[in-house]
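Asker: Residue strings, one per chain:
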Amino acid sequence: MTLEKRKAAKWKVVINIILLFIVLIWTMPTVGLFISSLRPQDEVMNTGWWTTFTDGTRFNLDNYRQVLGGRDHTYVDAAGNTVRASGDNLSQAFVNSLTVTIPSVIIPLLIAAAAAFGFAWLEFPGRKIFFTIVVALLVVPLQIALIPILRDYQRIGLTGSYLAIWLAHTGFGLPLATYLLYNYISTIPRDIFESAFLDGAKQMTVFTLLVLPLSIPAIASLAIFQFLWVWNDLLVALVFLGGTADVAVLTQRLASMVGSRGQDWHLLTAGAFVTMIIPLAVFFGLQRFFVRGLMAGSVKG
Amino acid sequence: MKKVVVVLLVFLMAGAAVFAAGQRETVDEKVVTVFGAFVDEEARRFEEAIRPFTDATGIEVRYEGSSEFETLISVRVEGGNPPDIAALPQPGLMQNFAQQGHLVPMWNSLEQLVDSNYAPVWKDLGSEGGTPYGVFHRVNAKSFVWYPKKAWDAAGYEIPTTWDELEALMDQMVANGHTPWAIGIESGGATGWPGTDWVEDVMLRTAGPEVYQQWIDNEIPFNHPAVKEAFEIVGDIWFNDDYVYGGRNYILTTSFGDSPRPLFEDPPRAMMHRQGNFVTTFFPDRIQDNLEQEVGVFPLPSINPEWGIPVLGGGDQFVVFNDTPEVRQFMEFLATWESGKLWAQAGGALFPYLDQDLDAYPNEIERSLAEALVNAEVFGFDASDLMPGQVGAGSFWTGIVDWVNGRNLDTVLNTIQRSWP
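Top to bottom, those sequences are chains A and B.
Following this note's numbering, the numbering of the first sequence begins with 0 at its first residue and continues without gaps.
Following this note's numbering, the numbering of the second sequence begins with 2 at its first residue and continues without gaps.
Since the hints were derived computationally from the structure, they do not count as laboratory data.
Possibly wrong hints are sitting among the right ones.
Computed, partial: chain A to chain B, Cβ under 10 Å [claimed, not checked]: (1) Ile148; (2) Pro188; (3) Gly261.
Negatives, chain A to chain B, calculated, CB over 12 Å [stated by the list, open to error]: (4) Ala7; (5) Val22; (6) Ile191; (7) Ser194; (8) Val246; (9) Met256.
For glycine and all other residues, C-beta sits at the position ideal for the given N, C-alpha and C.
My request is simple: use the sequences and hints to build the entire structure.
Answerer: Written out as structure tokens, the structure reads:
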């Protein structure tokens, strides 16, 4: 082995150790959260999760049971009997969250892809100005739009419907989606479009058969962003959809699970892992699109 | 591909129309919507408590609770989508909405009910500019000291009834090797509020209700000697490391909910904790299950005998945004003890009704708290909730934190006074 090679190998070891260290630090909070989610309430409140390594705590799934199956409630019914029953389980909230999220991802992506194609490849008057307006909208915080939109929804009787929140998320998501897809679509080689037009393709054909399939990697990454944002959103859902049990999304249920004064925060540990399931599935499901070659197949056409 | 897109869009729009239509149908039913800040178990208990109303009248009451209540109620009112009735935790919110003309004032029959069922202080707290708006339902009272009963019995401690006795008791505890207090003021973005309660409690006891009201209205400045005296009395306890478990550091870094836990360890690491009636939900489960055997409670003793034993407290007031016959019926139900009875039986709630049946409370502890609340000669609403937001939910909290951190008291008080809008 030459000196150079030995030096390189040494560096590699050092770098790997540093990386390992960073990875450890990075995953520490998640590990702590996970361990805490398996511990009984009294112990979560009294000692840190790291003490489990030394004093061998009992783990149980009680927190998960309470989160998934509904918190235990004690109340007195109209006949004066004390009743102990579990609250609503999370299935309704899961369905509500999916009902809100899926259209709120698909609608803006389709519109943004079409808009980006238009801005990138179609000639029409005012193209630059419109595009500048779209980009400028990126810096407008959505919170300032809540009250005006709510007023308009109220006027046309849309408040509290799913359509209201789909449209709201579409509007809030469009500027970024359009901008990012524009950057991507404008890098598609001109030759591909020219040969398509030579073959007699119309704009719509080019869009559906060329642009959309070619943009899959960009659309997939945007879909993940938009999905996570809508899935984790609490404010927009509370404003436009409301928080009654029939429409409450998962984030709302989680927020109320800790109780009026935050006395049950230990349930959040399990709640965090439960809500993570769907975003993780989406991420790993779409991840292969990132890895897949960008232009693969386009030249062979 | 094109077809797929078109089909998908048609499907989405059709689905949306169905949802929108489905939600509009409910308008014809007799429904009252109520929006409030309490959630989860408390929301469930509220729903059960008002079920007799629905059974009797056929009017459905739909309660929605959110921990983001303060933000949302303003957005919804501004956006023209208020609930029929809202339960406002802070009188300041009611005053704002009333000034903006969003609220429906009390009508005659409701006002008569309030006059006969509540002490006058509750009507005053629900009024703005002489017009009554808010009806109180569940309230809380904060001037209570909790202690581990068994440890007290073993050590032979007796409940103090005057401030001198309290001080003597603290010294006796220190002499026995016990730590008198467990105190924690951490509460996320609201860190400091348990400290404001201490100061308010002492202020009511030293200066009396009139000066207390002047303090809230800033007719006396925040650095007035009367306010400073209250801070100093609190500081005499807080900053004596023999008196407080863990000293200043524990006060600052322990969340208010976790702070009573040292009382219930074996052996207890602290002997007293001052907090409102709601603190029992933070006690360990095994304590909550045997509350009467494990825990004792007494009102924070009197300092100036002229004011007796004042009670500091707060509560949600129900105000009306939409005037309908159903809403009127429900508000009149809320102004009677009937609406609170079932919740009182379930526990964790106190009610201000003069004609309430104290036997309804599930244990001796809550019964004594309710009794203290109803019989208090002086009742002070939480001052920090009545002060302008910049102070009551801002500089007063941070001032407490700075003070515990060791900042000079005069500087702290001057800073709070300067922040007054």
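Asker: So, for every hint listed, does it hold in this structure?
Answerer: Structure-based check of all given hints:
For Ile148/A, the shortest C-beta to C-beta distance to chain B is roughly 8 Å, which falls under 10 Å, so the interface hint holds. Interface hint status for Pro188/A: violated, as the beta-carbon distance to the closest one in chain B is roughly 21 Å, over 10 Å. Proximity of Gly261/A to chain B holds as hinted, the smallest CB-CB distance being about 6 Å (cut-off 10 Å). For Ala7/A, the non-interface assignment is confirmed: its Cβ lies about 48 Å from the closest Cβ of chain B, beyond the 12 Å cut-off.
With a cut of 12 Å on Cβ distances, Val22/A stays outside the contact zone with chain B, its closest approach being about 30 Å. Every CB of chain B lies more than 12 Å from the CB of Ile191/A, the least distance being 16 Å, so the non-interface label holds. Every Cβ of chain B is farther than 12 Å from the Cβ of Ser194/A; the closest lies at roughly 19 Å, confirming the non-interface assignment. The non-interface label for Val246/A is inconsistent with chain B: the shortest C-beta to C-beta separation is roughly 9 Å, within 12 Å.
Non-interface status of Met256/A relative to chain B is broken: a Cβ of that chain comes within 12 Å, the nearest being about 6 Å off.
Checked against the numbered hints given earlier, the structure breaks hints 2, 8 and 9 and satisfies all the rest.
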